[in-house]
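There are 2 protein chains.
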Amino acid sequence: MAPVPPPPTIGVFDSGFGGLTVLRALLPLQTYANYIYLGDTARLPYGSKSQETIARYAVSSAKFLHDQGAELLVIACNTATALALEDIQQSLSIPVIGVVEPGAQAASQAHKKDCHPERNETESKDLRFASTQKTLVLATPATVQSGAYTRALNALNLEAFEKACPLLVPLVEEGWIDHPVTDEVLRIYLTEALNQAPDATTLLLGCTHYPLIEPAIHRILADLNHPLAIIDSAQATAEAVVRNLALNHSGDHALATCVVNYAILQAKNSKPDAQNCTFYATDSIEKFQRLGSAFLGLPVTGVRHVDLGG
Amino acid sequence: MAPVPPPPTIGVFDSGFGGLTVLRALLPLQTYANYIYLGDTARLPYGSKSQETIARYAVSSAKFLHDQGAELLVIACNTATALALEDIQQSLSIPVIGVVEPGAQAASQAHKKDCHPERNETESKDLRFASTQKTLVLATPATVQSGAYTRALNALNLEAFEKACPLLVPLVEEGWIDHPVTDEVLRIYLTEALNQAPDATTLLLGCTHYPLIEPAIHRILADLNHPLAIIDSAQATAEAVVRNLALNHSGDHALATCVVNYAILQAKNSKPDAQNCTFYATDSIEKFQRLGSAFLGLPVTGVRHVDLGG
Numbered sequence: 106m107a108p109v110p111p112p113p114t115i116g117v118f119d120s121g122f123g124g125l126t127v128l129r130a131l132l133p134l135q136t137y138a139n140y141i142y143l144g145d146t147a148r149l150p151y152g153s154k155s156q157e158t159i160a161r162y163a164v165s166s167a168k169f170l171h172d173q174g175a176e177l178l179v180i181a182c183n184t185a186t187a188l189a190l191e192d193i194q195q196s197l198s199i200p201v202i203g204v205v206e207p208g209a210q211a212a213s214q215a216h217k218k219d220c221h222p223e224r225n226e227t228e229s230k231d232l233r234f235a236s237t238q239k240t241l242v243l244a245t246p247a248t249v250q251s252g253a254y255t256r257a258l259n260a261l262n263l264e265a266f267e268k269a270c271p272l273l274v275p276l277v278e279e280g281w282i283d284h285p286v287t288d289e290v291l292r293i294y295l296t297e298a299l300n301q302a303p304d305a306t307t308l309l310l311g312c313t314h315y316p317l318i319e320p321a322i323h324r325i326l327a328d329l330n331h332p333l334a335i336i337d338s339a340q341a342t343a344e345a346v347v348r349n350l351a352l353n354h355s356g357d358h359a360l361a362t363c364v365v366n367y368a369i370l371q372a373k374n375s376k377p378d379a380q381n382c383t384f385y386a387t388d389s390i391e392k393f394q395r396l397g398s399a400f401l402g403l404p405v406t407g408v409r410h411v412d413l414g415g
Numbered sequence: 106m107a108p109v110p111p112p113p114t115i116g117v118f119d120s121g122f123g124g125l126t127v128l129r130a131l132l133p134l135q136t137y138a139n140y141i142y143l144g145d146t147a148r149l150p151y152g153s154k155s156q157e158t159i160a161r162y163a164v165s166s167a168k169f170l171h172d173q174g175a176e177l178l179v180i181a182c183n184t185a186t187a188l189a190l191e192d193i194q195q196s197l198s199i200p201v202i203g204v205v206e207p208g209a210q211a212a213s214q215a216h217k218k219d220c221h222p223e224r225n226e227t228e229s230k231d232l233r234f235a236s237t238q239k240t241l242v243l244a245t246p247a248t249v250q251s252g253a254y255t256r257a258l259n260a261l262n263l264e265a266f267e268k269a270c271p272l273l274v275p276l277v278e279e280g281w282i283d284h285p286v287t288d289e290v291l292r293i294y295l296t297e298a299l300n301q302a303p304d305a306t307t308l309l310l311g312c313t314h315y316p317l318i319e320p321a322i323h324r325i326l327a328d329l330n331h332p333l334a335i336i337d338s339a340q341a342t343a344e345a346v347v348r349n350l351a352l353n354h355s356g357d358h359a360l361a362t363c364v365v366n367y368a369i370l371q372a373k374n375s376k377p378d379a380q381n382c383t384f385y386a387t388d389s390i391e392k393f394q395r396l397g398s399a400f401l402g403l404p405v406t407g408v409r410h411v412d413l414g415g
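Chains as they are written, first to last, in this note's numbering: chain A, 106 to 415; chain B, 106 to 415.
Check each hint, because a few of them may be wrong.
Since copy identity is lost for identical chains, a pair holds within one copy or between any two.
Claimed, not checked - Simulated pairs of lysine to aspartate or glutamate, EDC-like, Cα-Cα distance not exceeding 16 Å:
#: 1; residue 1: K239; residue 2: E264
#: 2; residue 1: K168; residue 2: E191
#: 3; residue 1: K268; residue 2: E279
Rather than coming from a laboratory, the hints here were simulated on the basis of the structure.
Please build the complete structure, drawing on both the sequences and the hints.
The following block contains the structure:
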């Protein structure tokens, strides 16, 4: 019998805490792995900065995780994926997976599901007959400006409308998850977006902070009488990681799909902890532990500080 | 007749655009000067980061301005002043003026004014007989955590209550200056603050972004039936710069006071432009020109990019 290979070391990177929602999806799906998470909190937020600055920060962060032994890297940050994925891929020799492509794939799957009348018959009745397949993407100003989601969705024959929502990250970080001000800001952003894209049939959360306010987004869409299927790229990205590892191991696409489906089933009964995770932050350890636990949904402890310059 | 000395070169530093409200106050007050402004926009905001990170960023920014020829440095950023003024002063051989001390001095002057019944007789009737002299300070989380305003106000025999307002900078940068959401956020922050410090008699704007929403703060305080004298440290800091230059030149405190008073009078008829200003930004030049013009109240052009590492 072949010896069991050692667990893979997976690096997960974000400018801050949002990427922990991707790690949260990964932990139950790929339990046999060691994780190294880096939050570049000293230089966050990336979302309001220029392409050059974001690429410089993201490449130095990615190199750090590679130096720490990562064999596969997840860019669990929409802004860094949208503006620096190629730069990172060119500067490293390991597989690098971003969140944009899996998010777009998940939107495409959702649209296909809407086209099958046997599924969600009552819910998707109106959506099935929509004349176009348009996805509304909520994201940071830098992600929207990059046009990365529009390119990824267009490549899958979907139309896209991207809406910059600069206040949502500060509101989540203020902890106003279930709060009338957040509801009002969402009402303004969503009304503006739906006025410009009234034919959107799905809504893609293009920022890893947004899953924390998904219930509020649901509520406001219902208030606006415009329910949309909400897609969170964290789960799609986690599945892409499992597929990549399986494919690297076997080279067989059918087997990789099988492994992913098995992992999704297994995950339902999994109660993950963060024992196999090492956390690094470029700013305050205390703040990372406090805010990070909310994003991961598990206690974040033993965070190490790292200085990446700047 | 002694030759006219060359105009002094004054460096003005902020993490972003807010410090331009200090430059805006300086330009008409000290017309005979060259100004170099640095916005460390690639690493903003400082307000939510740790002391170590802020000090590292602020010192490297201050050194850049010194290298560019600054003979006097204004730390036009409350967070950097509160957390890194001493570090900057120790690393440079030129005078360094922050915003906290002048702001506290201005609060003290306002309290003294309230004790003279002949001034503002009707407006300050209630305030005059307040049992304590307490100043409410609105600031970023990092500034509040440093306790710098409390120390500076206590040294002037004033009590202080500091309130962290993390959403105000993002709201100003979103351009929601006169907006119902900003009013609602202010109502929440001010209600919380006044519940804890009902005896406050003045309100100090402890962040250089806040002067842009001063009218909204006035309005909400009136709605809450709790009018307070609002103090903006930009003007006080500009006066401290003029005093420092005059004192360096003459060594005579009485003469320096005279120069400041004369400058204040002259400034009333001054129509400054930004001809004698050089602007540097560590992130996007285009964004600095666009947002900067709103903060300075004058067109900001010819911005140069500088990479301070990180």
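Results of checking the hints against the structure:
In this assembly of identical chains, K239 and E264 lie within 16 Å of each other by CA distance solely inside one copy; the values are 4 Å within and 57 Å between copies. Only within a single protomer do K168 and E191 lie at most 16 Å apart by alpha-carbon distance; the minimum there is 14 Å, versus 34 Å between protomers. Taking the shortest alpha-carbon separations for K268 and E279, only the inter-copy value of 14 Å comes in at or below 16 Å, while the best intra-copy value is 22 Å.
When each numbered hint is compared with the structure, no violation occurs for any of them.
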